[in-house]
Amino acid sequence: MMPTAEYDDGFANWTGFDSTIAKSDITCLAMYKNIVYIGHCNQAAVPAFATITINGTISGGAAGTDPSLTASGGTAVAGNFFASMAVFGGNLYASYYNFGQIAKIYKFDGTTWSTVFTSGTFSGDRVPMNLHVDSDGDILYAFGSATASQPGFFMTSVDGSTWVLKSANLIG
616 MMPTAEYDDG
626 FANWTGFDST
636 IAKSDITCLA
646 MYKNIVYIGH
656 CNQAAVPAFA
666 TITINGTISG
676 GAAGTDPSLT
686 ASGGTAVAGN
696 FFASMAVFGG
706 NLYASYYNFG
716 QIAKIYKFDG
726 TTWSTVFTSG
736 TFSGDRVPMN
746 LHVDSDGDIL
756 YAFGSATASQ
766 PGFFMTSVDG
776 STWVLKSANL
786 IG
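Going by the numbering used here, the residue at position 114 of the sequence shown is 729; the numbering climbs one at a time, nothing skipped.
You may find that some hints are simply not true.
Stated by the list, open to error - In silico DSBU-like pairs for lysine-lysine, Cα to Cα no more than 30 angstroms straight-line: (1) K781 <-> K719; (2) K719 <-> K648; (3) K781 <-> K722; (4) K648 <-> K722.
Said to hold, decoys possible - Estimated spans, in silico, between C-beta atoms of each pair: (5) D774 <-> G735: 19 to 29 angstroms; (6) L644 <-> G704: 28 to 38 angstroms; (7) A693 <-> I754: 30 to 40 angstroms; (8) D774 <-> S738: 29 to 39 angstroms; (9) S729 <-> L780: 15 to 25 angstroms; (10) V748 <-> T727: 15 to 25 angstroms; (11) S750 <-> N649: 35 to 45 angstroms.
Quick caveat, the hints were computed from the structure, so don't treat them as lab data.
In this text, a Cβ means the ideal position worked out from N, Cα and C, and glycines have one as well.
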């Protein structure tokens with residue numbers, strides 16, 4: 616299907632991306648309110664933590680806001696990253712992982728980022744989490760891959776804030 620004049624793929628205002636900075640690896644993308652959000656993996660201890668930027672730049676949010684995010688938690692090391700993003704219930708969600716130390720899920724409501732999940736809530740939840748929304752848009756899923764020290768992980772939310780552990784349903 617060819618894009619129409621009414622169709623906006625969000626790249627019309629793309630400002631470019633500086634691949635020379637330490638956060639240059641892109642790990643996930645999401646379209647939210649007609650803006651492309653870019654999750655990064657930092658490749659050096661500076662910047663200390665992974666970031667989310669918009670349209671390739673870390674500043675310049677709409678309506679006076681700055682929708683960029685620098686994750687926090689755990690030790691500032693190379694390789695921290697945003698694993699996944701999903702739009703659910705009118706908000707943007709992003710999962711963050713700091714190798715074996717902490718995993719988080721952040722929520723962006725169009726103005727402010729907040730933390731809606733921090734590992735330690737459930738056993739085995741310090742893994743990179745992939746976010747997925749069911750076809751009806753009623754459930755937000757967070758799936759975590761197993762690591763050497765953590766088993767596979769699975770939880771759900773119907774409101775984007777309260778999480779229910781479903782890992783017992785995983786086989787093997």
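Hints, one by one, checked against the model:
Under the criterion of a C-alpha separation no larger than 30 angstroms, the hint pairing K781 with K719 is consistent with the structure, at around 17 angstroms. For the suggested pair K719 and K648, the alpha carbons sit about 23 angstroms apart, so the restraint of at most 30 angstroms is met. Straight-line distance between C-alpha atoms of K781 and K722 comes to about 21 angstroms, which keeps the hinted pair within the 30 angstroms bound. For the proposed pair K648 and K722, the alpha carbon gap of about 14 angstroms is at most 30 angstroms, so the pair holds.
Taking the beta carbon of each, D774 and G735 are about 20 angstroms apart, inside 19 to 29 angstroms as hinted. Taking the beta carbon of each, L644 and G704 are about 20 angstroms apart, not inside 28 to 38 angstroms as hinted. The hinted range of 30 to 40 angstroms is satisfied by A693 and I754, whose Cβ atoms lie roughly 34 angstroms apart. At roughly 23 angstroms, the beta carbons of D774 and S738 sit outside the given window of 29 to 39 angstroms.
In this structure the hint that S729 and L780 lie 15 to 25 angstroms apart at CB holds, the actual value being about 21 angstroms. V748 and T727 have their C-beta atoms about 21 angstroms apart, which keeps the hinted 15 to 25 angstroms range intact. For S750 and N649, the hinted distance range of 35 to 45 angstroms is not satisfied, since their beta carbons lie about 22 angstroms from each other.
The structure fails hints 6, 8, 11 (numbered hints given earlier, in ascending order).
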